[in-house]
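Novice: Each chain, letter by letter, is given below.
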Amino acid sequence: MLEFLQQMINGLSIGSIYALIALGYTMVYGIIKLINFAHGDMYMIGAYVGMISVTTFKLPFVLALPATMIVTGVLGVVIERIAYRPLRKSTRVAALITAIGVSFFLQNAVSRIMGAKIYTFPPVLDNRTFMFYGLRFNTQQIAIFVTAILLMILLQVIVKKTKVGRAMRSVAVDQDAAKLMGVNVDRTISLTFAIGSSLAAAAGILVGIYYNTINPLMGFAPGLKAFVAAVFGGIGIIPGAMIGGFAIGLIETMVSGYGSTLYKDAVVYVILILVLIIKPSGLLGKNRKEKV
Amino acid sequence: MKNTFLNKKNLTWLILGVAFFFLIQLLIQVGVITPYYRVTMYWICLFAILGVSLNVIIGVTGQFSLGHAGFMSIGAYSAAVVLRSMPNLTGLFIGMAIGALISLFVSMVVAIPTLRLKGDYLAIATLGVGEIIRIVILNMKITNGASGISNIPYLISWPLMFFFVFVSIMFSANFKNSAIGRACISIKEDEIASEAMGINTTKYKVMAFMFGALIASLAGALYATTYYVIKPETFGINNSINILVIVVFGGMGSLTGSAVAAIVLGIINNVFQPLAEWRMIIYALALIVIMIFRPQGLLGTSEASLKTIFSLDTYKNALKGLIDLVTLKKFRVAAASTGKGKQR
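Protein chains in written order, with the working numbering: chain A, 21 to 312; chain B, 994 to 1337.
Worth flagging that the hints you see were computed from the coordinates, not collected in a lab. As the structure is a prediction and not an experimental result, all values here were calculated from the model. Don't take every hint at face value.
Said to hold, decoys possible - For each label pair, taking beta carbons as the anchor points, the in silico distance ranges come out as:
id, chain 1, residue 1, chain 2, residue 2, range
1, A, T281, B, V1032, 36 to 42 Å
2, B, K1002, A, D206, 47 to 53 Å
3, A, K180, B, W1271, 44 to 50 Å
4, A, F81, B, N1310, 54 to 60 Å
Built from N, CA and C at the ideal position, the CB exists for glycine as well.
Isolated chain B (complex conformation):
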């Protein structure tokens, strides 16, 4: 592949993206996508952004973060506070910029010491960071404490949402496919070996973490203006787990997998609306079952590329994955094949 920006592949993606945008826009105009379905659609878009950004940290770089909702809340509160005095799109963008700066700063301060930790320790440390962010927001005046901020102006529209989904997925994909991304992948595979190859592991881990935090704060700002109301408990551990479910379900390391998982879960949530109170139980069981029977998720680490989108094999494999999950077969086989991953 040539190293130019406007090669055939990128152009095709761009055209597909624009076509998708106009298709949905048309459906909204015609009235097929009612405001009711639009809520689901925005949920899908938000969690696709969040899932993809968390996947850059977990799937690509192999650093297990449980504090994603914390960075989301920084973006949400920055946007909400600015929107209070400036209830228009300019205010939203200023709020987003401020939120992005704050979360870049916070994530850098957090990342440099904590990313020295590995695996499960890192998970708990980032969980602690998320909780600290929540407690600080809970006790600040400007964020209105436990009652949160309500009456946030509703500024979201399909073009705006699409723009951010497209941009964040594009940047994440670029991140993964660049030299930085390859360095991150090598860190995930074997940190010591990649250090021996001359990769500055700390630098790349911090970069990936800050990148994920930045995108999460943008998603947080969009969340604030989509749902009118934000409260500190909205961004607790439950939300981090929601995002984690999307990443795990789609496949850790597959950005498109996260996007697909967000779509699937969004539709499932909508269909099973009457069972809303069972949702968290189903999520929890899904996490356990996926880890036992198909730890690589729906797509594993492979990405949906143009070739795979138009090839039958992809759908066959995805279907096989689903069947594996539903039938709960291959109990021992799955356990044995995951044993290949080195244990440390």
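Bound conformation, chain A alone:
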């Protein structure tokens, strides 16, 4: 039982990171129906920008986090402007291929600029372990969990309570109608990319702190897993992405804790395929009839 609870704690902290990445996927998908394949790489970029801001600019964690989020958010907007906007009216497969291209570009550009070697992330948060009723708690894990939850609350407030949030929701429902109501659709989409990318960047820093190492290809697997999380919870639905993220994190830790570490990635893909076959709209999604 104690072992199980311990796995739960580990699963929740990694799950909160998946949830942060999944939010970006789900927001972008909800608004322009694009699987932003490059989203996992925004997370990688976030980790690099975070490392640079901590080592070169000597920022403390509390400042490095927002700085990284802003820089990566701007990059997300630039990518949207250059690569995705010209394709907004084209087929979805064309947009997906472009997204794959962007993903590969980011990976390879970073490994050209920074070198393909693995960097060590400086320990910006103190790493202490304490016991509580026989359970091992790590201060870093708690910091990751709390930061992720705070960001999610912030996102909920932005989406539900502010004017831009209302614009985002309206564009997601019907772009043309939103335009008629005076919503600046282009700017709203850019803003969605900015928010999604900055959440991914936050996840990148948190992972850098947690695992200590970052490399140019680190975005691929978590990106896919976060996508699975978004699909699992119902793509396009923000609470769904959070639930999905935590669920995938828990499942992954349970598989590597009780089964085999080697197969933990395969299990996630199997879950993806099962969800897509059994209930493609996800946990919180509603089934929609296909229309001609």
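With chain A held as given, fit chain B onto it using these hints.
Specialist: Frame of chain A; chain B shown alone:
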């Protein structure tokens, strides 16, 4: 056109193919194609096979698959394992047959449930399948895990390679031009409409997927014996993207386009050998630029036929396509014309 096998058109293609074979064979004999260029030539042949087979799935049937390298790896590993105990051509053929059977079986198991998905969902599901295949191979004893299989006997020769290129392109072309192919094309154009016309969409989608997987596994076996060494990461997502670039560049739906794209990319890779580390960046940029400025690729959905090969218009159009790409003009025009494709 009459419905006989040996009509004029097929005969001309056959004669052209045989002439091409002997031309290259002669060049190898004389020494114009050195072993160094032969490596490039084999690369082109392998990726022409892979591109054409993926194009049957993506371009003809309109099902977006990102797991092609997975099926390639099944063929490669089957061949390598058999070749370990039987290092000759018989072993290669037995390995190919085993790989073909396994990948037919796997692709059928995968296809029946996943092909219910559409567009981007299907892409991610097939990507997941490719990764699952890779992880399973990584963890199996017989495949020697992460270090892979090395010292695979080098059995490839130009006649062997040519035979497989010719056969796979011929079968793919036949597939496209048959009743099955027309059913697949109608599924690509509009799945609901073709279902209403009485086409069993699931059946044809599964057929196309299995066909592509079968050819990919043959190419995988040839890959294993051409490059001596195979590792699980050789067949990761990078390789699937490589094949996708060829399909997109040549034109989704044009089998000959894929073959031409494989040749062009093979030559480009060879010329820009010193820039090898920039290659993936260039590939990635090429994908984006092609999608924005010329989403139909070099040849669109048209095939090079005998008539077009000997007509100037083809080259003019291809050149125009290249110029479009290089000059990055027609920004809005291209975006507007792609808008014609219905969005779902």
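Novice: Each hint: holds or not?
Specialist: Evaluated hints:
1. T281(A) x V1032(B): 36 to 42 Å: 38 Å, holds
2. K1002(B) x D206(A): 47 to 53 Å: 51 Å, holds
3. K180(A) x W1271(B): 44 to 50 Å: With Cβ atoms ~46 Å apart, the hint holds.
4. F81(A) x N1310(B): 54 to 60 Å: 57 Å, holds
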